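Engineer: As a plain string of letters, each chain reads:
Number of protein chains: 2
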Amino acid sequence: MRFGILGTGRITRRLVADLQSTAGVQVTAIASRDVDRADWYAQQYGIATGVEGYQALLGRDDVDAVYIALPPSMHCQWAVAAAEHGKHVLCEKPLAISAEEAHRVDAVCQEKQVRWLDATGWLHHPRTANFSGLEQRGKLGTLKHLSSAVSFYEPFQSGDHRLDASLGGGCVLDLGWYAVGLPIWFAGRPLSVYATAVMRHGVPYRMTAMMWFPDDVTATINCGYDVTTRKWFEVAGDSGSIVCDDFTRPWPEREARFWSHDRTGAAESHSFEGNQEQAMLLRFTKPESDLAIYQQQTLDTQQTLEAITQSLQNGQRCDVVFRERETPAFSSVSLVPAKPTVWFLSGDLMFGSRIRAAAEAAGLEFRMSSGLPTGTVGSEASDEPKDAENQTSAENRSLDPVWMILDLSTRGGMLPTLDADSRNRFPHATWLAYGPHVQVSKLKAAREAGIELVLTRSQFDMRLPTLFK
Amino acid sequence: MRFGILGTGRITRRLVADLQSTAGVQVTAIASRDVDRADWYAQQYGIATGVEGYQALLGRDDVDAVYIALPPSMHCQWAVAAAEHGKHVLCEKPLAISAEEAHRVDAVCQEKQVRWLDATGWLHHPRTANFSGLEQRGKLGTLKHLSSAVSFYEPFQSGDHRLDASLGGGCVLDLGWYAVGLPIWFAGRPLSVYATAVMRHGVPYRMTAMMWFPDDVTATINCGYDVTTRKWFEVAGDSGSIVCDDFTRPWPEREARFWSHDRTGAAESHSFEGNQEQAMLLRFTKPESDLAIYQQQTLDTQQTLEAITQSLQNGQRCDVVFRERETPAFSSVSLVPAKPTVWFLSGDLMFGSRIRAAAEAAGLEFRMSSGLPTGTVGSEASDEPKDAENQTSAENRSLDPVWMILDLSTRGGMLPTLDADSRNRFPHATWLAYGPHVQVSKLKAAREAGIELVLTRSQFDMRLPTLFK
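From first to last, the protein sequence lines are chains E and H.
Residue numbering for the first sequence is 1 to 469, as defined by our numbering.
Residue numbering for the second sequence is 470 to 938, as defined by our numbering.
Quick caveat, the hints were computed from the structure, so don't treat them as lab data.
Mixed in with the good hints, there may be bad ones.
Said to hold, decoys possible - Just a few of them, taken from the derived set where beta-carbon distance is under 8 Å, the chain E residues facing chain H:
1) 198
2) 238
3) 265
Claimed, not checked - If you want the ones that stay clear, here's a sample from chain H, every Cβ over 12 Å from chain E, calculated:
4) 540
5) 546
6) 658
7) 723
8) 731
9) 760
10) 889
11) 891
12) 896
13) 897
14) 918
Said to hold, decoys possible - Distance ranges between label pairs, derived from CB positions:
15) H/736 x E/264: 22 to 28 Å
16) H/722 x E/26: 21 to 27 Å
17) H/829 x E/135: 57 to 63 Å
18) E/23 x H/731: 36 to 42 Å
19) E/462 x H/735: 44 to 50 Å
20) E/458 x H/736: 36 to 42 Å
21) E/416 x H/913: 54 to 60 Å
22) H/938 x E/165: 53 to 59 Å
23) E/249 x H/916: 28 to 34 Å
Note that the coordinates shown come from a computational prediction; the quantities given were computed from them, not determined experimentally.
Note that beta-carbon positions come from the ideal geometry of N, C-alpha and C, so glycine has one too.
Between the sequences and the hints, there should be enough to build the whole structure, so can you do that?
Structural biologist: Written out as structure tokens, the structure reads:
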């Protein structure tokens, strides 16, 4: 994949080097409004071409994807423009300055069938899959409270967009992207938020917030530009806790670590190697790797930060109203036989990879998402109008869930929405829900919701290797 | 000092052993409503006498002080009764179930000239004086945000008062005493609080709160009975941070530690020995040790928890309205010449001990408090009516501040209240304020408030040894 870089203000030598050193990735051009500036950066970073103006870069044949390094206020416009030119979009955080803009980027990228991702590196570090995976979650027990703190003392360059409200500045959309993203990654979508901020230079300079999630999960977060370097989280369940002191990026010259603790306070240290930016780039550039869960994380984070901004403005606890992705995950057109698919409703990447392995061993497709697939599936809608333009998208999207697997630990809040109607949308699916054996009430609620197979986690774990055969 | 124990429900073998092994301390009696129960505990714990009924214990000549181990709803009644019998009062946390009750205990104890303390051990661990002392505060820079989390998973005994709202149960007055006390210890009195709780058994079972302090200092706290064992805090300034993972009591079989970090993330580990309960008992039982700063901490914590309870009830951010201690720190009567005194307005115990040494070397008294002394001082009021009853109290209280020293780091919020009137109340005092050299605006504000001597911390540090001579 050949990258063109839009903007010079926010790129770092590190990221360009990561792009240039990732297998299958090249950087072919960099664009600035000022051609001298573009040329200077091209020369500094060993990029073949400096380009005058962002539009000119989008017209180039030697660019397959853009990396957007512009101020946040320009992200939506140029992500949409790039997608319309058929370029894949890798965008600096935040994806946009509003949830509406973020969903527009998503919708246009889906329509144009280009891949998109926001460049939040920590989600892709091997450590992250481990600390949010099944094994660690099992030790946590039922999730109860999350804390995160991200601060860097006055990290500004001259003319920094972060100090300019009109460019989407302030800590909420910047450091808050990490601080709020962490609890969302573990606990899913919050129900409501309450936030206050210290203002300086006309932007939120330090922000403190509380978040409320389904099942009485709570979170407290803090981020700011007037506090010493911090990038830690603590995730606490009823039987254990996880602490990481550098989750946004490992401390320089140290291996990436986190610690798990049991109720006695005994700590276990876990260490990992890996370059999170390269892992992100590999995931972004490999066509077979599914980005849906990261895209959902982006959209949910953007929506939550919008509610936090609303709370800052009105001084009230605010509900977070999530909108669903505008383009259905399934086309309503099916020209080819639908592929039997195992669908995993969870945030648990590590266990997801085990289910994927079991599904693929049984010749089934695998998909994972945080919410129900929308639209009508597979063969049920084969009498819809057909046209050539939809054919490719139909091939990609024609999936027929034969298993719907609900992770009660992280998606138990979804149970009340699973009425018969929503289940009937997946006529070939066997529904399965699983959760820790101590979560008696959730297991009971799943049975009462009419789910056919309700298992404890250890039962599911044992049956998984042969379940789909 | 000979202790009698009121109640058997909340005592632990550990605390009785600490009492019995502290130099100068004996346990002579234990009282229960049920004499068999009293006798059983007396025998189990090696206490000479089991007593039927709390009143009977208060009447005993072999008891100088009580340790109150009753449910919180009974603390005020029996603390007041003990004081009225001339017994010193050491009371399990919380001191009472309302700020009004807490102030009543304080007022009666002052009137009866008995000592009182709530039995919050961590305040007295040698580690605490270090992590909240001048050296560590210097590394923190300006205080910005505090986080604390205290939880123990279902720590209940059968019939536990903590699950009974009518006995003062719930996590707010229990674990919240630690979680809220920590930021108060560092940052002083909060301006306002916002809190929500998960309710179970009719009591707050897990509580999450935000706190706002003067100078834009913020805090987030979390405590509860449905979460794994946690007892950590993080204190973050603009140049460093301090983390402790067991501040309420060191993990068993491990030395007491905390970590300080600079902006690069480099961590320094600090280790301490000591038994916090014995340190507390020594402080409580030595007549010359000043308890004022701990009593202020108790009263401020109680008032803050009351505001948190109010916020839980009305769902709003609530201002915390502090009341001052009812009995003046100085008597308005002076039969003896007032003692020249160095008065230190600060929360910094470690630096306080250095100032005390310098003051005593110069033949001056030393007092430390978090707020201005109330009442009229020393010789200024010598024309007030005199009577024999007031004489002893006048001797104890007749102090004439010749130096008033204001620590701008921790008490800078007091500056706006220091008008000429309040300064005129201490006619012989030279006012001095000091703060880190980077806090230019606070140093300037101190000068503008008319303080005669405004020094940077390092200047003050250098002049201290000879300042009072």
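Engineer: Now tell me if each hint is right for this structure.
Structural biologist: Taking the hints in turn, this is what the structure says about them:
Annotation: interface hint on residue 198 of chain E holds; nearest CB of chain H at approximately 5 Å, less than 8 Å. For residue 238 of chain E, the suggested interface contact is upheld, since its CB lies about 6 Å from the closest CB of chain H, less than 8 Å. A cut of 8 Å between beta carbons decides the hint on residue 265 of chain E: the least distance to chain H is about 5 Å, and the hint holds. With 12 Å as the threshold on Cβ separation, the claim that residue 540 of chain H sits away from chain E holds: the shortest Cβ distance comes to roughly 26 Å.
The Cβ of residue 546 of chain H lies farther than 12 Å from every Cβ of chain E, with a closest approach of about 35 Å, so its non-interface assignment holds. The beta carbon of residue 658 of chain H is kept farther than 12 Å from every beta carbon of chain E, the shortest such distance being approximately 18 Å. Separation of residue 723 of chain H from chain E is inadequate, the least Cβ-Cβ distance of about 8 Å not exceeding the 12 Å criterion. Residue 731 of chain H, annotated as away from the interface, has a beta carbon of chain E within 12 Å; the closest lies near 7 Å.
For residue 760 of chain H, the non-interface assignment is confirmed: its Cβ lies about 31 Å from the closest Cβ of chain E, beyond the 12 Å cut-off. Every CB of chain E lies more than 12 Å from the CB of residue 889 of chain H, the least distance being 31 Å, so the non-interface label holds. Residue placement check: residue 891 of chain H keeps its beta carbon more than 12 Å from all beta carbons of chain E (closest about 29 Å). Distance check for residue 896 of chain H against chain E: the nearest CB is about 39 Å away, which clears 12 Å, and the non-interface claim stands.
For residue 897 of chain H, the requirement that its beta carbon stay farther than 12 Å from each beta carbon of chain E is met, with the minimum near 40 Å. Even its closest Cβ contact with chain E, about 23 Å, leaves residue 918 of chain H beyond 12 Å, as expected for a residue assigned away from the interface. Distance hint for residue 736 of chain H and residue 264 of chain E: a CB-CB separation of about 23 Å, consistent with the stated range 22 to 28 Å. Under the hint 21 to 27 Å, the C-beta atoms of residue 722 of chain H and residue 26 of chain E, about 57 Å apart, miss the expected range.
As the Cβ distance of residue 829 of chain H to residue 135 of chain E is approximately 59 Å, the hint placing it in 57 to 63 Å holds. At about 37 Å, the beta-carbon gap between residue 23 of chain E and residue 731 of chain H stays in the expected band of 36 to 42 Å. Our hint of 44 to 50 Å for residue 462 of chain E and residue 735 of chain H holds, since their Cβ atoms are close to 46 Å apart. Between residue 458 of chain E and residue 736 of chain H the beta carbon distance is about 38 Å. The supplied range of 36 to 42 Å therefore holds.
Judged by the Cβ atoms, the range 54 to 60 Å given for residue 416 of chain E and residue 913 of chain H holds: they are separated by roughly 58 Å. The hint said 53 to 59 Å for the Cβ distance between residue 938 of chain H and residue 165 of chain E, and at roughly 55 Å that hint holds. About 43 Å separates the C-beta atoms of residue 249 of chain E and residue 916 of chain H, a value inconsistent with the hinted range of 28 to 34 Å.
Consistency with the previously given hints fails for numbers 7, 8, 16 and 23, ordered from lowest to highest.
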